[in-house]
Amino acid sequence: MSVTIRRLEESDEVENFDCGDEPLNNYLKRHAWTNQQKISIGVTHIAVDESAPRSVLGYFTLATSSVPRDRLPKKYVRGLPPYDLPLILLARLAVDKRFSGRGLGHALLSEALQITLRVADEVGCRCIITDAYPDKAGWYARYGFVPLEGPATTSPQKMFLDVRTIRRATSFESSPAERE
Amino acid sequence: MPPAVKEKNKKAAALPAKAPTPRKSKFQADLAPSEDSMVRVLKAELQMSSNTDFLSDALALFRWAVSERKRGHRIVSESSTGERKILIFPRLERVAPEVTLPHVDIRWTDKELGSLAELATGQPADPTAALIRAMRR
Chain A
6 MSVTIRRLEE SDEVENFDCG DEPLNNYLKR HAWTNQQKIS IGVTHIAVDE SAPRSVLGYF
66 TLATSSVPRD RLPKKYVRGL PPYDLPLILL ARLAVDKRFS GRGLGHALLS EALQITLRVA
126 DEVGCRCIIT DAYPDKAGWY ARYGFVPLEG PATTSPQKMF LDVRTIRRAT SFESSPAERE
Chain B
5 MPPAVKEKNK KAAALPAKAP TPRKSKFQAD LAPSEDSMVR VLKAELQMSS NTDFLSDALA
65 LFRWAVSERK RGHRIVSESS TGERKILIFP RLERVAPEVT LPHVDIRWTD KELGSLAELA
125 TGQPADPTAA LIRAMRR
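These protein sequence lines are chains A and B, in that order.
Heads up: the first sequence begins at 6 in my numbering, then just goes up one per residue.
Heads up: the second sequence begins at 5 in my numbering, then just goes up one per residue.
Since the hints were derived computationally from the structure, they do not count as laboratory data.
It cannot be assumed that every hint is accurate.
What the hints assert, rightly or not - Simulated pairs of lysine-lysine, DSSO-like, Cα-Cα distance not exceeding 27 Å:
(1) B:K74 <-> A:K43
(2) A:K102 <-> B:K89
(3) B:K115 <-> A:K79
Claimed, not checked - Quick look at which bits of chain A chain B covers, simulated, 3 or more residues with Cβ under 8 Å:
(4) 7-15
(5) 38-50
(6) 68-80
(7) 83-91
(8) 126-136
(9) 140-149
What the hints assert, rightly or not - Here are some, though not all, of the chain B residues that point toward chain A, as calculated from beta-carbon distances under 10 Å:
(10) P37
(11) R88
(12) P94
(13) A138
From the three backbone atoms N, C-alpha and C, an ideal C-beta is built for every residue, glycine too.
One chain only, chain B, in its complex shape (with noise of 0.2 Å):
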């Protein structure tokens, strides 16, 4: 072999193997009318012509959104006189680390359950003079 074709066999072999291109997927919506008709204005707005574009931005944006909520931020808007509107999503608040819902589930604990049945199902208290002064209309 000439040492030539020898020396390019050699660097062929140190090469890493190519990564095969990932394939990209396909994304599908079924939106309502409006929607549809919310896309094509704000592409219009921001002056995109392709669907793709068009998610991967919004993608990224809620993507951004979703880190700074999990990270505790909150996000908010600010007009020019100063006035600040804080943004409030529910799915967003889901990822939020202080998330603080009401105890609807409530947990009990065995004692507590024992307790609650017994008064539950035990005659009713009399009631005491501040209650009576705050059921009065």
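If we strip away everything but chain A, and leave its shape as in the complex, we get (with noise of 0.2 Å):
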């Protein structure tokens, strides 16, 4: 299998996509192309294979989001710049179910994580904000991700890394475990 990511298009083959969760079936069907082309919210991003280059094997979307100043406690407020504290929201990450297990996600999640380091250069944004399903939460958590202080267990958890932290990732040769 040998696997592109690109942005959606109109002809892509959405229809057959199952990841086996309704709600994120029914955004890339109905949703995606409409909030990446016509109302200009959110940009989404497929894994195609070379041999059926538009048939959907996992998708991401990403949204940009800020958070107003005077929400922030004030405690912190002094710690940041006088502006709203821009960022990237990871909206949607998928795989269809008969594919998973082959580093999918870590290709969508690793293509997500350039897009929003590229961001942050060229336009600015402190860091990327994602809503997990609890028993995902651990697999964002690998790659970083902190769980904001939320309400419940059973709703999606926010989930926040820093662009620092991506940027410094860059740096490394190789993993902390590859180098011991």
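Hints given; two lone chains; assemble the complex.
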């Protein structure tokens, strides 16, 4: 399997995509294209195999957001610049269940983080946030996402990854585990 | 009063008052030349001569589309070979019950904001092995 990750196009085949989660399937089939091309509020990238370059194996959607400075607790505001806190939202990430366990999630997240770093370099943003399902929080934690204190364990867990940490990761030739 | 006239007056009194004819609204639109041309072409294709009929039919069609999307139904066109296309029309998507847009306006709890602010103002964490692998080109 030779996987490419690229932006969603109108002619891509999304109808057969099935990650086992209806809201994630539904988003790709019904809203991803509109949100990307017509409303311009979120961009979806898809993983495809060279042998079937239109068939979606997995996808992620990124959007931008910000937190108004006056909503942040006062004791932290002094450490922040006098602007809203810009961030990237990893709004969706899903892999078709027929292709799970082949590293597609890693490849998709890797691309999402590369884009985040480019946005941070070109435009500016402080962090990437995701809403992780509780059973996926551990997977995101492996990449350094830190859970934000939230209200419940059953609802999606907001998780945070600092852009400075992502940037620092690019300076390593090999991972700490590999160096040992 | 002759009985016949009395009877007639009784009947008149029993009839409900005639409802006033509803006033018709005027509708005026500023169309770009291309849109004007589109209207003319469509009217010709549909063999319509009046703008009123044209607007009335267009309204009926739009109303139907809105009601279908409100019920969560998709509007699909199917070719003779079975190729299907789903109508995606941003304004219609606004009435669909199951609209799920990216959470661009994120809902934050106070605890989450406190946690976010603490992390954003603190020292960045060291990258994990998985993150380093992910950032390798």
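Hint check:
Between K74 of chain B and K43 of chain A the CA atoms are separated by roughly 20 Å; this keeps the pair inside 27 Å, and the hint holds. For the suggested pair K102 of chain A and K89 of chain B, the alpha carbons sit about 25 Å apart, so the restraint of at most 27 Å is met. For a cut-off of 27 Å, the pair hint linking K115 of chain B to K79 of chain A stands: about 13 Å separates their Cα positions. Under a criterion of three residues with beta carbons nearer than 8 Å to beta carbons of chain B, the stated coverage of the stretch 7-15 of chain A fails, only 0 such residues being counted.
For the stretch 38-50 of chain A, the assignment as covered by chain B holds, since 7 residues bring a beta-carbon within under 8 Å of that chain's beta-carbons and 3 suffice. Using a Cβ-Cβ cut-off of 8 Å, 7 residues of the stretch 68-80 of chain A lie near chain B, which meets the minimum of three, so the contact claim holds. Only residues whose beta carbon comes within less than 8 Å of a beta carbon in chain B count, and the stretch 83-91 of chain A has 3; three or more means the coverage holds. Coverage of the stretch 126-136 of chain A by chain B holds. Counting CB-CB distances below 8 Å, 4 residues qualify, and the rule asks for three or more.
Remark: the stretch 140-149 of chain A is confirmed as covered by chain B, as 3 of its residues place a Cβ nearer than 8 Å to a Cβ of that chain, reaching the required three. Interface restraint check: P37 of chain B against chain A, minimum CB-CB distance 24 Å, threshold 10 Å, status violated. Because the closest C-beta pair between R88 of chain B and chain A is about 8 Å apart, less than 10 Å, the hint holds. The closest approach between the C-beta of P94 of chain B and any C-beta of chain A is roughly 5 Å, which is under the 10 Å cut-off, so the hint is satisfied.
Hint status for A138 of chain B: holds, given a least beta-carbon distance of 4 Å to chain A, under 10 Å.
Hint violations for this structure: numbers 4, 10, all remaining hints satisfied.
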